[in-house]
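Q: All chains should be modelled from the sequences, with the hints used to inform the complete structure.
Under mature numbering (1 follows the signal peptide of the UniProt record, and there is no 0), residues -25 to -1, 1 to 327 are what the sequence shown spells out, in order.
Some hints here could point you the wrong way.
Cross-link-like lysine-lysine pairs, in silico, DSBU-like; alpha carbons within 35 angstroms at most [claimed, not checked]:
(1) Lys81 x Lys156
(2) Lys189 x Lys311
(3) Lys29 x Lys143
(4) Lys143 x Lys106
(5) Lys156 x Lys143
(6) Lys311 x Lys106
(7) Lys29 x Lys81
(8) Lys156 x Lys29
(9) Lys15 x Lys106
(10) Lys29 x Lys106
(11) Lys106 x Lys81
Hints listed in this document are in silico derivations from the structure and should not be mistaken for laboratory results.
Every value quoted in this text rests on a predicted model; they were computed, and no experiment measured them.
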Amino acid sequence: MSKHRSRILALSLGALLSLPLLAQASENTAQTEQATPAGKILGTRQSVHPDWFKDSFLDIDEDIDEATQRGKHVILLLEMNGCPYCARMVEENFAQAPYRDFIQEKFDVIVLNVQGDREVALDAETSLPEKEVARQLGVRYTPTVIFLNAGGEPVARVDGYRNATDFKRVLDYVATRAYEKQTLAEFIAADGASDYGFRPHPRLQSITDLSTVKDQPLAVLFEDAQCAAACNALHDGHLAAPEVDAALAPFVLVRLDAQADTPITTPDGRQTTARAFADELDVDYRPTLVLYDQGREIARIANELYRYHFIGILEYVGQRHYQTYPDSPFDYINAKTAERLAAGQDVHIADD
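A: Put into structure tokens, the structure is as follows:
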């Protein structure tokens, strides 16, 4: 077996989870004959890749070796046709990014389609279609960006859209090989400016013993003093919207400072600190919203989502749709989308 393959696929903890169809309706809806004309999905966009993305033969071992010889890392950019998050991230964080020259100097970017059929050679003996590679890698959000080192090990991962500033921090973390001595969260904490004042919200409750929340779903919001851009955007955007407030109504909402040593009790009754709890959960992006019910994590929001999907994930836990769709919140969102389309309603999956 190749020295690279087993390490690349070591990231497959979520491999059995369903892939979200962020920009598509259920295929069943398209086949349903009804008197009411079917609605349309609005907001889909197609990525336009810059010409400096690598035109790879999809031999990952060879790509890693070539990148290593030039002092680069490999980026696997997994996306899907029609995905508005993918198009936005390619445009803002790659093609038009103020640091695009830095990316070209330090990285080789290889695009894979999570629904594609092109063969990807993971080693001399094993080739898989793109969609199977995505499944093996546990891709649940598009885009997913995976950074590989010279040994083929995933050293950083971004699930879903990140703004250009936050994404640059991940690029710096990998390019400087800081992953050899610290976690991404530690790197960001040491590097970022402490310019965020924790925003109030009428639903936030001051609870340190999370195990006392038994009869309601629990939403734990992780923020820190360095998440000004993303945290302010969350408060000014989704958390200020009446429809989001309605989706939050079933929850007990608690905020933890992911860099503080505040003593807390976890939902399953263990004594720890807010910082240690964030580390235990691998929360390396702020804000992250971790959603619990009956003491166990059901889903989390660890990226920037458009409102339709943000509300859908809240409903998945808050209305306990996870009991019907246990594999993924996007199974529920797809079913919800299909129902609306069948009823003749248009579905806006993007906010712009």
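Q: Holds or violated: lysine 156 and lysine 143, Cα atoms, limit 35 angstroms.
A: holds (19 angstroms)
Q: Between the alpha carbons of lysine 81 and lysine 156, is the straight-line distance 35 angstroms or under?
A: holds (19 angstroms)
Q: If you draw a straight line from the CA of lysine 311 to the CA of lysine 106, is it 35 angstroms or shorter?
A: It holds: about 24 angstroms lies between the C-alpha atoms, which stays within 35 angstroms.
Q: Within a Cα-Cα threshold of 35 angstroms, do lysine 143 and lysine 106 meet the stated pairing?
A: holds (28 angstroms)
Q: Does lysine 29 pair with lysine 81 here, judged by a C-alpha cut-off of 35 angstroms?
A: Holds, at about 13 angstroms.
Q: So if I understand the rule, the pair passes when the alpha-carbon distance is 35 angstroms or less; does lysine 106 with lysine 81 pass?
A: Holds. Lysine 106 to lysine 81 sits at ~27 angstroms (cutoff 35 angstroms).
Q: For lysine 156 and lysine 29, compute the direct alpha-carbon distance and say whether it is at most 35 angstroms.
A: holds (29 angstroms)
Q: Regarding the pair lysine 29 and lysine 143, is the alpha-carbon distance no greater than 35 angstroms?
A: holds (20 angstroms)
Q: Is the Cα-Cα distance between lysine 29 and lysine 106 35 angstroms or less?
A: This hinted pair holds, its Cα atoms lying about 19 angstroms apart.
Q: Quickly compare the C-alpha distance for lysine 189 and lysine 311 to 35 angstroms and report which way the hint goes.
A: Within the cut-off at roughly 27 angstroms; holds.
Q: Keeping to a limit of 35 angstroms between CA atoms, is the pair of lysine 15 and lysine 106 held or broken?
A: This hinted pair holds, its Cα atoms lying about 25 angstroms apart.
Violated hints are absent here; each numbered hint is respected by the structure.
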